[in-house]
Amino acid sequence: MAVLDGLKPEKVFRYFEEICAIPHGSGNVDGLSDYLVDFAKERGLDYFQDEWKNVIMIKDSSPGYEEAEPVILQGHMDMVAVKKPGASIDMAKDGLRLAVDGDDLYAEDTSLGGDDGIAVAYAMALLDSGDIPHPRLEVILTVDEEVGMDGARELDVSMLKGKRMLNLDSEEEGILLAGCAGGARVDWTLPVGREEKSGKRCRISVKGLMGGHSGAEIDKERGNANVLMGRLLYRLHKSMAIYVEALEGGLADNAIPREATVVLLAEAECGDVIRDTVLAVEKEFRQELQTKDPGVCIEIEELGDGRSNCLGREETDGLISLLFAAPNGVQAMSADVKGLVETSLNMGIVDLREDQAAVQFSVRSSLEGAKRVLIEKLENIAAMAGAAQEVRGDYPGWAYRKESPFRDMAVKAFCDLYGKEPEIQAIHAGLECGILSSKIPDLECISIGPDMKNIHTTEEKLSISSTERVWNYVLEILKRKE
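Take our numbering: the last position of the sequence shown gets the number 482, and nothing is skipped along the way.
Worth flagging that the hints you see were computed from the coordinates, not collected in a lab. Keep in mind that a hint or two might mislead.
[Said to hold, decoys possible] In silico DSBU-like pairs for lysine-lysine, Cα to Cα no more than 35 angstroms straight-line:
hint, residue 1, residue 2
1, K163, K439
2, K479, K163
3, K8, K220
4, K41, K461
5, K453, K207
6, K292, K461
7, K238, K207
8, K292, K377
9, K84, K402
10, K481, K84
11, K11, K83
12, K207, K283
13, K8, K453
14, K453, K439
15, K200, K238
16, K93, K8
17, K439, K377
18, K41, K283
19, K11, K412
20, K83, K41
21, K402, K453
22, K11, K481
23, K453, K238
Go ahead and model the full structure; you've got the sequences and the hints to work with.
Printed below as a string of structure tokens:
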């Protein structure tokens with residue numbers, strides 16, 4: 001018996017469970033893409049699968065809707081695949097372990113991938129239907145959205161006829177999105193050398209943070225484990241000579257990192273100073289984050305005296321300075337939309353390898369010029385530390401349209417269904433609407449989705465009842481001919 005048997009809408013949750021059985025983290029979507037192709041073949045649908053593994057599926061209109069405007073349904077296949085430390089699951093090979101708690105659907109010890117597996121499940125349920133009234137449906141399911149929207153950027157849309165697009169990549173019911181920020185990924189690489197050192201070794205971890213989506217939750221000013229680790233290392237560095245042996249933090253550049261760990265070496269007599277400094281810095285963190293991120297803590301484990309292959313003094317100084325100087329978080333708020341973040345960045349990953357240190361950022365802004373300036377500022381900081389910078393996954397924002405008949409129709413459908421108007425918003429998180437709008441002239445877009453919490457984390461939850469209500473809303477939009 002499937003875990004989600006009995007949940008409504010039945011087809012949506014059946015397909016969602018099948019999707020979750022196929023590993024589909026970013027960069028690992030071949031299995032899910034091929035599964036979708038098989039699905040299309042079995043139902044005689046027109047389909048297109050490109051070399052990137054994007055999939056487009058097309059279903060002709062139902063009787064009576066031949067003259068209705070086609071509708072593009074759009075989402076992405078890939079998920080941010082993260083797991084709890086020590087979890088006995090290989091997310092590159094194993095399916096998710098789904099579980100239900102009241103109205104919440106989640107995955108044990110891992111992220112759920114409701115972002116954006118629910119869009120795939122909605123689309124499949126629609127394409128598999130025989131009794132749902134609808135216009136021509138053109139389903140776009142892209143790859144690697146979470147790591148720079150690479151799939152959407154490479155997608156050929158020449159076979160599409162639609163000028164109205166329903167993006168299903170939002171996480172709050174009752175919110176109708178009509179604009180989003182643009183963004184880019186920024187990578188730093190700092191060459192490092194190593195040398196044999198002897199002294200007192202210890203492992204220090206910044207832990208207990210909530211994390212979250214670097215677009216949707218950057219305004220909450222939660223603790224960033226990589227940033228806090230940079231502060232701790234700088235304080236230790238000022239107090240004594242330390243040498244970094246290992247350093248890692250964060251799992252994705254667009255997820256606010258929850259943990260960061262360093263292994264360092266200091267002179268044997270520095271043990272008390274290290275512990276006192278860690279306690280003092282932990283106290284500062286807790287005072288600063290007592291409301292925003294109250295679970296923050298620092299753990300220290302003494303590894304004894306010994307020898308290890310560490311960064312040299314100059315390389316250690318450079319790495320710590322780079323982490324300490326890097327900007328992070330909200331850089332500017334919108335002057336036009338109250339409460340909307342205009343420009344931000346997230347230091348999502350820090351990874352010390354044998355011969356180089358890698359730092360990865362997600363940069364976002366609703367203003368193209370502000371995005372460019374922030375990227376240039378990062379380039380300047382990197383250059384001063386001797387690091388190289390690479391920009392990838394640059395994508396445009398999605399500008400709000402003052403006039404949109406499709407949006408007006410969707411608002412009316414919501415009012416008729418629920419007796420109230422939806423809230424129309426622009427968001428700081430990135431959506432593929434901007435890229436696809438640049439490919440399809442005069443495309444009208446709206447974005448909706450069911451309630452989800454803590455996406456991109458192991459605490460991710462999808463509301464079952466909201467999933468059903470949003471499904472009914474999608475059906476209401478599709479059945480209208482205006």
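These are the hints, each one checked on the structure:
With a C-alpha separation of about 11 angstroms, the suggested pairing of K163 with K439 holds against the 35 angstroms cut-off. Taking the CA atoms of K479 and K163, the gap is about 17 angstroms. The hint holds against a cut of 35 angstroms. Proximity of K8 to K220 is assessed by CA-CA distance (about 33 angstroms); at most 35 angstroms being required, the pair is judged to hold. Between K41 and K461, the direct Cα distance comes to roughly 32 angstroms. Compliance with the 35 angstroms bound is thereby established for this hinted pair.
A threshold of 35 angstroms between alpha carbons decides the hint, and for K453 with K207 the separation of about 20 angstroms falls inside it, so the pair holds. Taking the CA atoms of K292 and K461, the gap is about 20 angstroms. The hint holds against a cut of 35 angstroms. Straight-line distance between C-alpha atoms of K238 and K207 comes to about 23 angstroms, which keeps the hinted pair within the 35 angstroms bound. Using a Cα cut-off of 35 angstroms, the hinted pair K292 and K377 holds, with the two alpha carbons roughly 27 angstroms apart.
With a CA separation close to 44 angstroms, the supplied pair K84 and K402 exceeds the 35 angstroms bound. Restraint check for K481 and K84: the C-alpha separation of about 47 angstroms exceeds 35 angstroms, so the hint is violated. Restraint check for K11 and K83: the C-alpha separation of about 27 angstroms stays at or below 35 angstroms, so the hint holds. Between K207 and K283, the direct Cα distance comes to roughly 14 angstroms. Compliance with the 35 angstroms bound is thereby established for this hinted pair.
For the given pair, K8 sits about 20 angstroms from K453 by alpha-carbon distance, which is consistent with the 35 angstroms threshold. Restraint check: the Cα-Cα separation between K453 and K439 comes to about 31 angstroms, which is no more than 35 angstroms; the hinted pair holds. Of the supplied pair hints, the one linking K200 and K238 holds, its CA atoms being roughly 17 angstroms apart against a limit of 35 angstroms. Restraint check for K93 and K8: satisfied, since their Cα atoms lie roughly 28 angstroms apart, inside the 35 angstroms limit.
The suggested pairing of K439 with K377 holds, with an alpha-carbon distance near 30 angstroms, which does not exceed 35 angstroms. A distance of roughly 60 angstroms separates the Cα atoms of K41 and K283; the hinted pair therefore is violated under the 35 angstroms criterion. Only pairs whose Cα atoms come within 35 angstroms are accepted, and K11 paired with K412 is accepted, the gap being roughly 27 angstroms. Distance hint between K83 and K41 is fulfilled; the C-alpha atoms sit about 34 angstroms from each other, no more than 35 angstroms.
Restraint check for K402 and K453: satisfied, since their Cα atoms lie roughly 30 angstroms apart, inside the 35 angstroms limit. About 25 angstroms separates the Cα atoms of K11 and K481, which keeps this hinted pair within 35 angstroms; it holds. Between K453 and K238 the alpha-carbon distance is near 40 angstroms, which puts this suggested pair outside the 35 angstroms criterion.
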